[in-house]
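Visitor: Below are the chains, spelled out letter by letter.
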Amino acid sequence: MMEKNNLPEDLFKDALSDLEVNPSEKNWADISEQLNIETNKKIQHKFEHFESQPKPEVWEGIKQQLPYNLRIRRQLNWIAKVAAVLLVGMLFSMGSNMFRLNQQQKAAHIVIPTPVPSEVVKMVVPAPIAEEGNDFVFDVKEKKEAASVLMKEEEDISNLLDFILDDSDGIAAAIDEAVIEESLVSADELAGGIALVVPEDDIEEVMIEVDLTIKIPLVVVEENEIESLIDMYDANN
Amino acid sequence: MMTSNLKVDVVIDDNILAGCIEGNRAAQELLYNFFAPKMFGICLRYSYDYHSAEDLLQDGFVKAFHNLDRFRGDGSFEGWLKRIFINTAIEQYRKNQNKQVNPLNDEVYNATTQDDVLDKLAVDDLLKTIQLLPQGYRTVFNLYVIEGYSHKEIATLLSISEGTSKSQLARAKNYIQKLLKKIN
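If you're matching them up, the sequences are chains R and A in order. First residue of the first sequence? That's 1 in the numbering used here, and the numbers climb one at a time after it. First residue of the second sequence? That's 1001 in the numbering used here, and the numbers climb one at a time after it.
Derived by calculation from the structure, the hints in this document are not laboratory data. Take the hints with a grain of salt, since some may be wrong.
[To be verified] With a Cα cut of at most 30 Å, we get these calculated DSS-like pairs of lysine-lysine:
no., chain 1, residue 1, chain 2, residue 2
1, A, K1038, R, K42
2, R, K42, A, K1152
3, A, K1038, R, K152
4, R, K63, A, K1181
5, A, K1095, R, K13
6, R, K55, A, K1152
7, A, K1152, R, K63
8, A, K1182, R, K63
9, R, K26, A, K1063
10, R, K42, A, K1181
11, A, K1082, R, K46
12, A, K1181, A, K1063
Since this is a predicted model, take the numbers as computed values, not measurements.
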């Protein structure tokens, strides 16, 4: 009976006494990690209350770099940032205005050519200088021509100016009449102007070339107005 | 001894912090005296010697004083200050990253440190051992083992991969183990 009872135990004993099973690598990894955690905790604990008194010189070094008042400094920083933004905005605005002004100035500059001269004699007439408050700059470059031709040209210019000034858009009111009058005097009457002495007999042979440049300021005449004025002038002549 | 008695009596409260923000030198010095030893301990762990630890301490405190008004009081002030010092150490690591040469190879490291040796070891000896580590190993070791950051966090902080963080830690431990064997 006893032998029978021991039989299953013996069977298990015989079968399992020398049993070996290799554990998976994960088992060792888990154990190793656990050991590492414990080691880490020991190191952590060692340094938990670790302190060391630095030398007094360190504070001296820090003191030199300390800010005086953080709140004031922050406010100053904020103001400086706002000022910088405003400055950039202002510069941008100025730049765009200058660009626009430049574009308009280019558009407002017109040159009216005169008939081609048959003979040119070198002579320069000084341009009348624009006075303060004068909205009309009037440059005349004159070469040489017979007195009659000169008079005719002046008459043409006068007619052109009359035509322009006759406009009802308020341009005439902005023009200094005295300067216009001064500009329109005969060339030989201009102060320091041409010393044109033409014998009466040769008058027909002497030709003149007149380059007339009229610069109209932006505030007075717009580009489309200038073009329409030129068109109207051409149509009338 | 005098210093530690003084520490017990001093309580860093909002008034002292407000004084520091307003540029009160006495308040700033009080704050420094209170936290300097603890922060210097951190600096020593992240530095290779005493002198560079002093530089780190100075940089950290200057940074802290300049940003004191940003402390919102959500957590402890000491924790906030500690993070500043750790970040300063990480910045230093990044600056020197290109200069340092780490002895990287495919050697298999045994990461297990002998605990009995560790138990007997004084903190100063352990500190000296840590200071002997190359900067990369030292930084990862400090962040993982002592500060308790995960490898993922370390990877983000140091701009390295998680694998690099793991291998640097393993190598750091192996390095320490060898050094401890030498000491014993």
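Visitor: Would you mind marking each hint as holding or not holding in the structure?
Guide: Hints, verified against the model:
no. : hint                : in the structure
1   : K1038(A) x K42(R)   : holds (19 Å)
2   : K42(R) x K1152(A)   : holds (23 Å)
3   : K1038(A) x K152(R)  : violated (102 Å)
4   : K63(R) x K1181(A)   : violated (43 Å)
5   : K1095(A) x K13(R)   : violated (66 Å)
6   : K55(R) x K1152(A)   : violated (36 Å)
7   : K1152(A) x K63(R)   : violated (37 Å)
8   : K1182(A) x K63(R)   : violated (42 Å)
9   : K26(R) x K1063(A)   : violated (45 Å)
10  : K42(R) x K1181(A)   : holds (18 Å)
11  : K1082(A) x K46(R)   : holds (17 Å)
12  : K1181(A) x K1063(A) : violated (39 Å)
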